[in-house]
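Going line by line, the protein sequences match chains Z and L. Residues in the first sequence are numbered from 1 upward in steps of one, following the numbering used here. Residues in the second sequence are numbered from 1 upward in steps of one, following the numbering used here.
No wet-lab data here; the hints were simulated from the structure. All values reported here derive from a predicted model rather than from experimental measurement. Each statement offered as a hint is correct.
Sample of chain L residues at the chain Z side, in silico, Cβ under 10 Å:
#1 Trp18
#2 Arg26
#3 Tyr27
#4 Phe31
#5 Arg48
#6 Gly56
C-beta: ideal position from N, C-alpha, C; glycine also.
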Amino acid sequence: MASPGQPSGIEPAADTAVALGGFGRYAGPATLILSSLAEAPKHGYALTKDIEAFAGVRLAPGTLYEALTRLERQGLIEAIESDDRRRPYRLTALGISALRAHLDMQRRVTDVGLRRLAGIEGVA
Amino acid sequence: MIPPVDRAQRRAARLLRWYPKAWRRRYGEEFSALLVAEFAERPSSWRRTADVACSGLLARLTNTGLTGGALEPAAQIQASLATLCAAVAVFLAFALAIWSQLTIGWQWSRPDTAPTALAMVAMSALMLLFVSLALLAALPVAWGVVLRVRRGQAARLWVPSLLLLLGGVALAVGARHFAQHGWPGTGGHPWAGRGVVSGAVGSFTWAATLSISAYWAHPNVLLSFPAAEVAWMAASPIAMICVVAGATQIVRRLDLSPRLLRYESRLGSTAAAAMIAFLAAACLWIIDGGGGPRSLFQTGAIDVGGLVVMALAFAVAHRAMRLARGAQPLLAPPR
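The shape of chain L in the complex, shown without the other chains (with noise of 0.2 Å):
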C-alpha cells in the first residue's frame, strides 16, 4: 500500500508535467508542496486540476511570446518575433500550394471567370511582397550572425544557422529536381510567358509543395506514383520545418537591438496585412468555385483545409504582432 504523502507528491509530479521544463526548474518544488498540501485539505477538485492545466499552458505560451506581460519588453517582441516568423511560414507554405496550383493552371489557359483571375493576380502580387519582406527581415539578421560569428561569438547559433541551410539548400534542390522531372502534366514543360508568373517559378513553387496534397487521402493512387516522388512527398516537409525551426530559433538567441526589433516588427505588421489580403484573394477564388477551362481552376476539400490553417496561422501571427506592438512603447529609446 502507497502511504497517502507519497501518493500525493505522485499526484502533484503528474500535475507539474504541464508546465515546461525551466518552469519546472525553477518553481517545480514549491509548487509540489504548494499541491501537497492542497490535496491534504480538499483530496479531490476538478477546478484545481483544470486550473493548473490551463495556467501549465499558459506558461509554455509564454516562451512563444503568445501571452502578454509575462516577459521583459525586448524578450517579449523578440518571442512574439519567432513566434510570427513560424506562423507566416507555415501560412506561406498552405498560401505557396494554393497559388502553384492556380499559376500552373493559367500556364494552359486564362481563368474564364473575373473573380478568379482578379484573385489569382492580386495573390501573385501578394507573393511578390512576400518575398521582399521576407529578403527585407533576413538580410539585418543574417548579418548580425555574421557579425556574431566574425566576433566569435556565435556558439549557440551554429546549429540553427545549420538546422535552416541544411533545410534551405534540401528543399531548394529537391524541388529543383521534382520541377524539372514531376510528373506529367506539370513540371518540366517551358510556359513561360503565358501565366501571371513564368512557368518555372509556378514548377519550382508546386514542387517544393508538393507534400501538402489531398493525394495522402488517396493511398491506392500514392502508390501508383514514383517511389522518389512519394519519398520526396514525405522528405520534404522535414526540410521545410528544418526551416522554420532554425529560423525562428536564431530570431530567439540573437541579440537584437530596440532599433531592428522595431523594424522587424514594422515588417511583421506589414505581412499580417498581406496575410489578411492573400485570404481574401484565395476566399474569393474558393467562392468563385475557380472551375474552367477544363476544370483547372477547380477547388476541392484540400483547397478549403488549406484556407482553414492559414487563418489559423494568421490568428497566431496577429495575436503575436499585436503583442509585440504593445511592447514596443516599453522599449529603450532609439539612440
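Looking at chain Z on its own, in the form it has when it is part of the complex (with noise of 0.2 Å):
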C-alpha cells in the first residue's frame, strides 16, 4: 500500500487503487471528497455544497471528517494553514495518482456494465 513515507517516483497507482478500496464504507466518501479536492483546495463545508451539487449527495459531517481524517493519514490530502476557523484541504500528488486509479478502475467497471446492459437491451 502507498503511505505518505513512500519516496517520489514511485508510480502507486494499482496500490492506491486498493488503499481507496480499503476505506470500507468510506471509499465512496472518500471518492467524492478526492474528486472535489481535483477543482481546488476546499474546507469542510465548501466540500459539502460541492458534493452536494456535483453529485447530489450531501455528505454528512460525520462522515465527512471521518473521511477526511483517514485521507489525511494516508497522506492523500493535506490541510493547509489558514487564519480561519474552517481549514481548507488540498490533494497531494499521492492523492493526485490514488484518485485516478481508483476512477480508472471504477470506468472499466462502468464501460462494462454500460455494453453488458446494451447487450440485454439490443436483445430486448
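Join the two chains into one complex using the hints; note that each chain is given alone, in its own frame.
This is the structure we're talking about:
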C-alpha cells in the first residue's frame, strides 16, 4: 500500500486503488472528496456544498470528517495553514495518483456494465 | 437571551464530546465551524446527530485498532495487538474462574458424566496452552523493555511497567494468601494428585478470580464471609485492571519491529483459536449440566454469564486479529 513515507518517483497507481478500496464504507465519501478537491482546495462546508452540487449527495459532517481524517492519515490530502477556523484541504501527489487509479478502475467497471446492459437492451 | 451563534457553538461543542481528545485537538475547531454552518442551514436533524455520534465513537475505536484503514500498518497491528491482549485477559479471567471451580471439584471426586470430564480435560490442556502463549508473547516484549531501560529510552514505559508489576505482585501475593487461608471447603487442602491439575494450582487460580462470583447478587450471604475475603474480592479486580492496563500500554508504547509484530500476530491467532476451543469445551460442560457427584460440577447463572462475557471478549479479539492480519502484508518486508 502506498504510504505517506513512500519515496517520490514510485508509481503507486495499482496499490493506491487498493488503498481507497480499503476505506470500506468510506470509499464512496473518499472518492467524492478527492474528486471535489481535484478542482481546488476547499474547507469542510465548501466540500459538502460542492459534492451536493456535482453528485447530488449530501455528506453528513461526521462521515465527511471520518473520511477526511483517513485521507489525511494516508497522505492523500493535506491541510493548508489558514487564519480562518475553517481549514482548507488540498490533494497531495499521492492523492492525485490514488484518485486517478480509482476512477480508472471505476470507469472500467462502468464500461463493462454499460456494454452488457446494451447487450440486454439490444436483445429485448 | 443567548444569541443564536452562541447557541449553535454550544450545540457544536456538545456534539464534539463524542470524539476523543486527540481528535478534538486536531479537528475540533474546523469541525465546530462546519457544524455551526450546518445548523444555520438545517437547524435540526436527528440523522446528523446520529452520524456525528457514530463517527465520534468510531474515532474512539480507531485508537484501539478495531477499525481498519485508519492507521499506518505497523500502528494498526500494534494497536490491534494491544486490544487483543486486553480481550484475551478478560477472557482468561472468566475462563480461570470457571475452570478453577471445576478443578477444585475434581479434587473431591471425578465427574460422573463423560462430556463434563472431557470438557475439563480440554479446558485444562487449553489453560496450559494459554500460559505457554502468554510466556512466548511476553518474553520478547519484556526483553524490549529491558533494552530500552538500558539505553535510557524508557521514559514512557515506567508508568505502565510499574502498573504491571504492582498489579501482578498484589494479585500473586493476595491469591497465594487466600488460596492457603481460603474459606472452608475449598482452599488450603493438600489435594494434589487427585484431579487433572494440582490442588495448589486450582486453589491459587480460584483465589485470584474470587471476585467473579454470584455472591455479589446475595449481599446477605456475602456479609457472613470474613471481612478480609470480601475486601480481597473487591480489591483483586483493581489489581487485574492494573496488570491489563500496564501490559496493553507497554505493547502500545514500545517500538516493535515488523518481525516481532508478525511473531506476536501469529501467537495472537493461536490464542484466538484456543479461545474458540475453550468456549466449545465450556459450552459442552454447560449443555451437559455438570451435576454430580454431589453437585460438584453443577452449572449456574454466573457460568452462563461468564460464557457470554467470554464470547464478547472473543468477538473483540477476533476483530482485532483480523485487522492485524489484514495489515501484515503492508508491513515492510523482513530484512
